[in-house]
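Novice: Spelled out from the first residue to the last, the chains are:
There are 2 protein chains.
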Amino acid sequence: MARKASLSGFPEWLPQERLIELHVLDTLRRVFDLHGFSNIETRAVETVDQLLRKGEIDKEVYAVSRLQADEASASEAGLALHYDLTVPFARYVVENAGHLAFPFRRSQIQKCWRGERPQEGRAREFTQADIDVVGDGVLPFRYDVELALVVVEALGALPIPDFTLRVNNRKLAEGFYRGIGLTDTASVLRSIDKLEKIGAAKVGQLLREELGATDAQVDAAIALAAIRTPDTSFVAQVRALGVSDDLLEEGLTELEQVIAEASKRAPGRVVADLSIARGLDYYTGTVYETVLNGHESLGSICSGGRYDSLAAKGNRTFPGVGLSIGVTRIVSRILSQDFAAVSRQVPTAVLVTLADEDSWSAAQDVAASLRARGISAEVAATAEKFGKQIKFADRRGIPFVWFTGADGTHEVKDIRSGAQEAADPDLWTPPAEDLAPQVLRVP
Amino acid sequence: MARKASLSGFPEWLPQERLIELHVLDTLRRVFDLHGFSNIETRAVETVDQLLRKGEIDKEVYAVSRLQADEASASEAGLALHYDLTVPFARYVVENAGHLAFPFRRSQIQKCWRGERPQEGRAREFTQADIDVVGDGVLPFRYDVELALVVVEALGALPIPDFTLRVNNRKLAEGFYRGIGLTDTASVLRSIDKLEKIGAAKVGQLLREELGATDAQVDAAIALAAIRTPDTSFVAQVRALGVSDDLLEEGLTELEQVIAEASKRAPGRVVADLSIARGLDYYTGTVYETVLNGHESLGSICSGGRYDSLAAKGNRTFPGVGLSIGVTRIVSRILSQDFAAVSRQVPTAVLVTLADEDSWSAAQDVAASLRARGISAEVAATAEKFGKQIKFADRRGIPFVWFTGADGTHEVKDIRSGAQEAADPDLWTPPAEDLAPQVLRVP
Numbered sequence: 001m002a003r004k005a006s007l008s009g010f011p012e013w014l015p016q017e018r019l020i021e022l023h024v025l026d027t028l029r030r031v032f033d034l035h036g037f038s039n040i041e042t043r044a045v046e047t048v049d050q051l052l053r054k055g056e057i058d059k060e061v062y063a064v065s066r067l068q069a070d071e072a073s074a075s076e077a078g079l080a081l082h083y084d085l086t087v088p089f090a091r092y093v094v095e096n097a098g099h100l101a102f103p104f105r106r107s108q109i110q111k112c113w114r115g116e117r118p119q120e121g122r123a124r125e126f127t128q129a130d131i132d133v134v135g136d137g138v139l140p141f142r143y144d145v146e147l148a149l150v151v152v153e154a155l156g157a158l159p160i161p162d163f164t165l166r167v168n169n170r171k172l173a174e175g176f177y178r179g180i181g182l183t184d185t186a187s188v189l190r191s192i193d194k195l196e197k198i199g200a201a202k203v204g205q206l207l208r209e210e211l212g213a214t215d216a217q218v219d220a221a222i223a224l225a226a227i228r229t230p231d232t233s234f235v236a237q238v239r240a241l242g243v244s245d246d247l248l249e250e251g252l253t254e255l256e257q258v259i260a261e262a263s264k265r266a267p268g269r270v271v272a273d274l275s276i277a278r279g280l281d282y283y284t285g286t287v288y289e290t291v292l293n294g295h296e297s298l299g300s301i302c303s304g305g306r307y308d309s310l311a312a313k314g315n316r317t318f319p320g321v322g323l324s325i326g327v328t329r330i331v332s333r334i335l336s337q338d339f340a341a342v343s344r345q346v347p348t349a350v351l352v353t354l355a356d357e358d359s360w361s362a363a364q365d366v367a368a369s370l371r372a373r374g375i376s377a378e379v380a381a382t383a384e385k386f387g388k389q390i391k392f393a394d395r396r397g398i399p400f401v402w403f404t405g406a407d408g409t410h411e412v413k414d415i416r417s418g419a420q421e422a423a424d425p426d427l428w429t430p431p432a433e434d435l436a437p438q439v440l441r442v443p
Numbered sequence: 001m002a003r004k005a006s007l008s009g010f011p012e013w014l015p016q017e018r019l020i021e022l023h024v025l026d027t028l029r030r031v032f033d034l035h036g037f038s039n040i041e042t043r044a045v046e047t048v049d050q051l052l053r054k055g056e057i058d059k060e061v062y063a064v065s066r067l068q069a070d071e072a073s074a075s076e077a078g079l080a081l082h083y084d085l086t087v088p089f090a091r092y093v094v095e096n097a098g099h100l101a102f103p104f105r106r107s108q109i110q111k112c113w114r115g116e117r118p119q120e121g122r123a124r125e126f127t128q129a130d131i132d133v134v135g136d137g138v139l140p141f142r143y144d145v146e147l148a149l150v151v152v153e154a155l156g157a158l159p160i161p162d163f164t165l166r167v168n169n170r171k172l173a174e175g176f177y178r179g180i181g182l183t184d185t186a187s188v189l190r191s192i193d194k195l196e197k198i199g200a201a202k203v204g205q206l207l208r209e210e211l212g213a214t215d216a217q218v219d220a221a222i223a224l225a226a227i228r229t230p231d232t233s234f235v236a237q238v239r240a241l242g243v244s245d246d247l248l249e250e251g252l253t254e255l256e257q258v259i260a261e262a263s264k265r266a267p268g269r270v271v272a273d274l275s276i277a278r279g280l281d282y283y284t285g286t287v288y289e290t291v292l293n294g295h296e297s298l299g300s301i302c303s304g305g306r307y308d309s310l311a312a313k314g315n316r317t318f319p320g321v322g323l324s325i326g327v328t329r330i331v332s333r334i335l336s337q338d339f340a341a342v343s344r345q346v347p348t349a350v351l352v353t354l355a356d357e358d359s360w361s362a363a364q365d366v367a368a369s370l371r372a373r374g375i376s377a378e379v380a381a382t383a384e385k386f387g388k389q390i391k392f393a394d395r396r397g398i399p400f401v402w403f404t405g406a407d408g409t410h411e412v413k414d415i416r417s418g419a420q421e422a423a424d425p426d427l428w429t430p431p432a433e434d435l436a437p438q439v440l441r442v443p
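Note that the protein sequences, when read in sequence, are chains X and L.
Okay, so the first sequence: first residue is 1 according to this note's numbering, each after it adds one.
Okay, so the second sequence: first residue is 1 according to this note's numbering, each after it adds one.
Since the hints were made in silico from the structure, they are not lab data.
Owing to the predicted nature of the structure, the values given are computational and were not obtained by experimental measurement.
Take these hints with a grain of salt, some might be off.
Same chains, same names: a pair is fine if it fits in one copy or spans any two.
Pairs of lysine-lysine, DSS-like flavour, derived with a Cα cap of 25 Å [stated by the list, open to error]:
#1 Lys111 with Lys4
#2 Lys385 with Lys264
#3 Lys202 with Lys385
#4 Lys385 with Lys313
#5 Lys4 with Lys313
Just chain X, same shape as in the assembly:
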């Protein structure tokens, strides 16, 4: 499970690997459906203007153009592949606002493209699974709590090690920095975002050099970022730093609500982490990041936040909150670390053998009876010796072979145990665990 992609950064899976990816995708979709999210897709391309307005680094964007431009392709000038699903979703909401019922709960699971340097967990073509709730004008804060719980449930259903959803709040951080006299809060956030990578000393140096921060300001900012609690005790810890600011209070109250509910409903999996900054400018309140415990270097597997004005139409705004799960990042790690195994490589449960070349049509009848009851079946293509037909099934991982005698009697053989029994094509059913390939967590 460590083949090299023929084009760096564009992973492709073998059929048995794809079964694991499908299991991840199906699981996420099922959880999103159970929570009432409407699935949509958006086109793969956006205008370059639309993409760059949200502040992404432009060299990471893949432009799209006709190989041979002509007059008909002029309307397509300035198109590029989307690098996430949030920006396209914001456009979709604005364009279709008249057709949607707000608050609009949507899930979206699609490929994205970014020209980043490939490494494990960072592909150039990758699948994201997003959920967002968007309101018309207002959106109750409660959705910030709910969405954290939905992704915890979704990630908890995947064959991965335990994980930690780290939550912070932009208002809390910005209010605190303002309260200690650092008014360029965006720049402070950018420096604090580097804490895990370069350490407190270098972040302090950045704050001093770039923002002219005093030692006291640096100490306070770094003390805030050091706070991490699995419960609401962070509130007291922040208060102990002695900073007072209205926005800080608002942020504290919001984050307290998220952590209070989450620590009750998903104990141990959600923590307040006041170092989380998130690079993107459009977040305005709650921000989320998620790490796989013991695999922190993989980076965040699920991130997001609250944005108050990503989408706007005239003076109408559509505030939202959402999270994005990095499906390809997760699947790559499942495959490279063998977190999961699949019970067989093909969907087929039964190979219907051929006694002679003329029995192909009768064998199709048997297969059709099995399929009508949800049992995946295929018919041997040629009437080779039974030993060869069984070997064909074995090589592909098909667990059962079916024999029809000249007298019309049927038998089915489990080629793993060798057990063979009489069977009726309209009645026989394999054990539940053999009905379809099973993806199992490896302990």
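For this one, chain X is given, so just place chain L on it according to the hints.
Specialist: Chain L only, in chain X's frame:
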């Protein structure tokens, strides 16, 4: 259901339209799984060389490049979005031959891109659903019969009008043309391919002018293309034209096998149609096209054929046979003609209401109990008056609302009928037809 895409040729669906598309995609995947096809995906990009080698018109191809090229992006020069799934699959087979069990049965459902002039049924971004069987060196002819039956079953499970799978055989056509002395069979095929569009007279003119065909040759070629039978009687009709050729005989035998079995297993849905040529050069035997009856102008909704040497690795070849279903073409027609309706617009079956703001967490417990039994549920975000909460559900198409009294008793109301009854969150289940949105064929 006739909104205009904001970017011509790049359709996007509303949530209720997407439910119909998802139904189509899920149905196809289920049928493919039941027939033992392993699902895979390939990357969206191929090298331009790889794409153009297969003879596509280059101006239809979308090139991909970094918006700001740098040294790191040099390895990506000459990339383009795939325009179908056959060419990428051929590459995948060659690259992964050592990891696949042959004959390899694969399904692949993905987006493709072509810069064609947009019209209904012809988008620039569209989804194809392909099945192919590929052998290592050899591939029994029987798969040509089987794959026709699989797509007939798959299309028959969709909410569309009846359809006709038209089958021809390149060997039959080429042998016949050779037999009447027209040796540039590729050129004859190209002219015959235009029959439906420009008529017999103009095709005859083309054959005379471009290939120097005699009147007798033109008459014979057009007589062959006029043969269309729902059974194997085409064999006698071809023989009556008095042409003799080995390749013709081989083609007749092959096509007879397909039609004999198909007319038995899928009566009326598969016909021998000797005018079918298929534009692509790589087909070497059976060719398929499918039209929706009464919607022939939409073009083919499912096409394909046998190819003997699309994929090769040194002197090893991987012959295959496959068909490609035009999902976007089908879904566009379902939506524009209202062939199908969806029972509701959201996955949610139950809205759990809030009696007061403090009951949110208890309401989440109710919702969690429902979800644990597969019932999609969401919780109201704010404790507005019940009338407003019911209106919220009604506007989104959620059929049931749940009430929890101060005494801990539960009631559930069907807001369509107004019927309200006591209910236990661990036991209550909606009628089966209300569990999830149902996509129904409109009679």
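Novice: Should Lys202 paired with Lys385 be assigned to within, between, both, or neither, using CA atoms and 25 Å as the limit?
Specialist: neither (73 Å within a copy, 54 Å between copies)
Novice: For Lys385 vs Lys264, is the C-alpha pair at or below 25 Å within one copy, between two copies, both, or neither?
Specialist: Neither way: Lys385 and Lys264 sit 62 Å apart in one copy and 27 Å across, limit 25 Å.
Novice: Could you figure out if Lys385 and Lys313 sit no more than 25 Å apart (CA to CA) within one copy, between two copies, both or neither?
Specialist: Close neither inside one copy (70 Å) nor across copies (30 Å); limit 25 Å.
Novice: One pair to classify: Lys111 and Lys4, alpha carbons no more than 25 Å apart. Within, between, both, or neither?
Specialist: both (20 Å within a copy, 24 Å between copies)
Novice: Between copies, within a copy, both or neither: which fits Lys4 and Lys313 at Cα up to 25 Å?
Specialist: Between copies only: 18 Å across, 45 Å inside.
Going through the hint list in order, the structure does not satisfy hints 2, 3, 4.
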